[in-house]
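Asker: Sequence:
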Amino acid sequence: MFFNLEPNRIIIVSHLSADFSISQKELWKYRAYSRRYRNRRIDEFLKEMHLTEERNTGFRKIRNALRYNGSPEPLFEADDVPISQRQFIFIRILRLQRQIKMQMKVYLIV
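Residue numbering for the sequence shown follows full-length UniProt numbering, starting at 1 and increasing by one per position.
These are calculated hints, taken from the structure and not from any lab test.
Being a predicted model, the structure only gives us computed values, none of them experimental.
Cβ coordinates follow ideal geometry from the N, Cα and C atoms, glycine included.
Hints are supplied without guarantee of correctness; some may be wrong.
Pairwise CB distance ranges, derived in the manner of DEER restraints [to be verified]:
#1 N69 with F3: 10 to 20 Å
#2 K25 with E48: 13 to 23 Å
#3 K47 with L5: 17 to 27 Å
#4 G70 with R41: 24 to 34 Å
Listed next, the in silico DSS-like pairs over lysine-lysine satisfying Cα-Cα at most 30 Å (straight line) [to be verified]:
#5 K25 with K61
#6 K61 with K47
#7 K25 with K47
Let the hints inform the model, and build the full structure from the sequences given.
Answerer: So this is what it looks like as structure tokens:
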């Protein structure tokens with residue numbers, strides 16, 4: 001897992017842990033509902049930091065937290081290969097240049 005925190009964005013890349021049941025089209029429409037749970041280590045890491053909950057709630061919670069903060073929509077991308085060969089899901093979260101109303105929470109389960 002790659003996690004990069006920059007002044008204006010957060011980038012999370014999860015290698016070899018993407019859920020093959022979620023298509024790129026679903027990611028673009030923000031309708032990504034996993035049918036299985038693949039990477040327990042990422043899940044536990046983010047859960048311990050109080051950034052996520054378990055069991056398929058990540059995509060919706062990322063959008064809700066960003067919307068609450070008045071932040072732009074996140075960008076979810078996967079590598080451009082057949083779903084069964086996917087290697088990663090890439091999430092880009094941009095931050096507004098003004099002060100955020102509350103602590104920004106990032107939720108991710110892949």
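Asker: Compare the structure with each hint and give your call.
Answerer: Now for the hints, and whether the structure bears them out:
Distance hint check: the CB atoms of N69 and F3 are about 19 Å apart, consistent with the given range 10 to 20 Å. A C-beta distance of roughly 33 Å is found between K25 and E48, which places it outside the suggested range of 13 to 23 Å. The hint said 17 to 27 Å for the Cβ distance between K47 and L5, and at roughly 18 Å that hint holds. Taking 24 to 34 Å as the suggested C-beta distance range, the pair G70 and R41 conforms, at roughly 32 Å.
For a cut-off of 30 Å, the pair hint linking K25 to K61 stands: about 19 Å separates their Cα positions. The suggested pairing of K61 with K47 holds, with an alpha-carbon distance near 13 Å, which does not exceed 30 Å. With a CA separation close to 27 Å, the supplied pair K25 and K47 stays within the 30 Å bound.
Comparing the model with each numbered hint stated earlier shows that hint 2 is the single one that does not hold.
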